Amino acid sequence: MRCPFCGHDDTQVKDSRSTEDGIAIRRRRVCSACTQRFTTVERVQLRELSVTKADGRRVPFDRDKLARSIRVALRKRPVPEERQEQLVNGLVRQLEASGEHEVSSHRIGQLAMDALREVDGVAYVRFTSVYRDFREVEAFSKILADMKPIPGETDAPSPDDSQETP
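Residues 1 to 166 in this note's numbering are what the sequence shown lists, from first letter to last.
Everything labelled a hint here was simulated from the structure, so no lab data went into it. Do not take every clue at face value.
[Said to hold, decoys possible] Once the Cα atoms are required to be at most 25 Å apart in a straight line, the calculated SDA-like pairs of lysine to any residue come out as:
{"#": "1", "residue 1": "Lys53", "residue 2": "Glu136"}
{"#": "2", "residue 1": "Lys76", "residue 2": "Met113"}
{"#": "3", "residue 1": "Lys142", "residue 2": "Arg132"}
{"#": "4", "residue 1": "Lys76", "residue 2": "Ala115"}
{"#": "5", "residue 1": "Lys65", "residue 2": "Gly121"}
{"#": "6", "residue 1": "Lys65", "residue 2": "Ile23"}
{"#": "7", "residue 1": "Lys65", "residue 2": "Tyr131"}
{"#": "8", "residue 1": "Lys53", "residue 2": "Asp114"}
{"#": "9", "residue 1": "Lys65", "residue 2": "Pro78"}
{"#": "10", "residue 1": "Lys65", "residue 2": "Lys14"}
{"#": "11", "residue 1": "Lys65", "residue 2": "Arg93"}
{"#": "12", "residue 1": "Lys65", "residue 2": "Val51"}
{"#": "13", "residue 1": "Lys142", "residue 2": "Arg117"}
{"#": "14", "residue 1": "Lys76", "residue 2": "Arg63"}
{"#": "15", "residue 1": "Lys76", "residue 2": "Tyr131"}
{"#": "16", "residue 1": "Lys53", "residue 2": "His101"}
{"#": "17", "residue 1": "Lys76", "residue 2": "Arg2"}
{"#": "18", "residue 1": "Lys14", "residue 2": "Arg43"}
{"#": "19", "residue 1": "Lys76", "residue 2": "Asp62"}
{"#": "20", "residue 1": "Lys76", "residue 2": "Val119"}
{"#": "21", "residue 1": "Lys65", "residue 2": "Phe5"}
{"#": "22", "residue 1": "Lys14", "residue 2": "Arg2"}
{"#": "23", "residue 1": "Lys53", "residue 2": "Ser69"}
{"#": "24", "residue 1": "Lys53", "residue 2": "Met113"}
{"#": "25", "residue 1": "Lys53", "residue 2": "Gly109"}
{"#": "26", "residue 1": "Lys142", "residue 2": "His106"}
{"#": "27", "residue 1": "Lys53", "residue 2": "Arg117"}
[Unchecked claim] Now the in silico label distances, taken between C-beta atoms and shown as ranges:
{"#": "28", "residue 1": "Thr19", "residue 2": "Glu136", "range": "38 to 44 Å"}
{"#": "29", "residue 1": "His8", "residue 2": "Glu42", "range": "19 to 25 Å"}
{"#": "30", "residue 1": "Asp114", "residue 2": "Ser32", "range": "31 to 37 Å"}
{"#": "31", "residue 1": "Arg83", "residue 2": "Phe140", "range": "24 to 30 Å"}
{"#": "32", "residue 1": "Ile25", "residue 2": "Glu81", "range": "17 to 23 Å"}
{"#": "33", "residue 1": "Gln36", "residue 2": "Ser16", "range": "15 to 21 Å"}
{"#": "34", "residue 1": "Arg71", "residue 2": "Arg37", "range": "20 to 26 Å"}
On a predicted model such as this, the values are computed, not experimentally measured, just so you know. All residues carry an ideal CB built from backbone N, CA and C; glycine is no exception.
Based on the provided sequences and hints, a complete structural model is requested.
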């Protein structure tokens with residue numbers, strides 16, 4: 001493994017641990033040249049996936065791009081980092097388990113929207129607004145009207161809750 005600090009090829013593994021979900025191995029490494037420490041993560045990749053874009057281009061699937069999109073949607077939301085990682089891992093497993101070598105970007109987006117809708121309604125609306133390229137306020141109104149309340153989320157107070165007592 002090449003050192004990210006000095007580029008030296010000789011690094012040593014000092015510690016290896018499985019992640020909490022057992023999907024990856026986290027390795028702590030040290031460079032023999034500059035003595036800097038860094039961490040690498042190894043994940044099992046069942047198959048090489050390619051993504052078919054809306055314009056017909058085919059590009060390699062990028063797990064990190066999916067993870068960034070999910071993290072942006074969940075930014076400043078009460079969803080722990082571990083849950084976000086589980087969400088991304090689950091999406092990747094779904095895609096790999098489908099048996100297809102090519103997956104449309106539309107399918108990936110739909111799976112991500114469905115998963116986010118279950119986790120956090122605000123993140124779902126954020127992701128959907130970018131994914132579907134909302135340009136008008138009416139698009140937001142429509143998606144909000146179509147949303148069913150998710151169990152556990154707080155609803156707005158009912159009119160009965162705001163009545164004053166005489």
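Against the structure, the hints:
{"no.": "1", "hint": "Lys53 x Glu136", "result": "24 Å, holds"}
{"no.": "2", "hint": "Lys76 x Met113", "result": "18 Å, holds"}
{"no.": "3", "hint": "Lys142 x Arg132", "result": "12 Å, holds"}
{"no.": "4", "hint": "Lys76 x Ala115", "result": "18 Å, holds"}
{"no.": "5", "hint": "Lys65 x Gly121", "result": "21 Å, holds"}
{"no.": "6", "hint": "Lys65 x Ile23", "result": "18 Å, holds"}
{"no.": "7", "hint": "Lys65 x Tyr131", "result": "13 Å, holds"}
{"no.": "8", "hint": "Lys53 x Asp114", "result": "19 Å, holds"}
{"no.": "9", "hint": "Lys65 x Pro78", "result": "22 Å, holds"}
{"no.": "10", "hint": "Lys65 x Lys14", "result": "29 Å, violated"}
{"no.": "11", "hint": "Lys65 x Arg93", "result": "15 Å, holds"}
{"no.": "12", "hint": "Lys65 x Val51", "result": "12 Å, holds"}
{"no.": "13", "hint": "Lys142 x Arg117", "result": "15 Å, holds"}
{"no.": "14", "hint": "Lys76 x Arg63", "result": "22 Å, holds"}
{"no.": "15", "hint": "Lys76 x Tyr131", "result": "19 Å, holds"}
{"no.": "16", "hint": "Lys53 x His101", "result": "14 Å, holds"}
{"no.": "17", "hint": "Lys76 x Arg2", "result": "34 Å, violated"}
{"no.": "18", "hint": "Lys14 x Arg43", "result": "18 Å, holds"}
{"no.": "19", "hint": "Lys76 x Asp62", "result": "24 Å, holds"}
{"no.": "20", "hint": "Lys76 x Val119", "result": "14 Å, holds"}
{"no.": "21", "hint": "Lys65 x Phe5", "result": "23 Å, holds"}
{"no.": "22", "hint": "Lys14 x Arg2", "result": "15 Å, holds"}
{"no.": "23", "hint": "Lys53 x Ser69", "result": "16 Å, holds"}
{"no.": "24", "hint": "Lys53 x Met113", "result": "17 Å, holds"}
{"no.": "25", "hint": "Lys53 x Gly109", "result": "11 Å, holds"}
{"no.": "26", "hint": "Lys142 x His106", "result": "20 Å, holds"}
{"no.": "27", "hint": "Lys53 x Arg117", "result": "23 Å, holds"}
{"no.": "28", "hint": "Thr19 x Glu136: 38 to 44 Å", "result": "42 Å, holds"}
{"no.": "29", "hint": "His8 x Glu42: 19 to 25 Å", "result": "20 Å, holds"}
{"no.": "30", "hint": "Asp114 x Ser32: 31 to 37 Å", "result": "47 Å, violated"}
{"no.": "31", "hint": "Arg83 x Phe140: 24 to 30 Å", "result": "25 Å, holds"}
{"no.": "32", "hint": "Ile25 x Glu81: 17 to 23 Å", "result": "18 Å, holds"}
{"no.": "33", "hint": "Gln36 x Ser16: 15 to 21 Å", "result": "18 Å, holds"}
{"no.": "34", "hint": "Arg71 x Arg37: 20 to 26 Å", "result": "25 Å, holds"}
Going down the numbered hints, you'll see the structure goes against 10, 17, 30, while the others check out.
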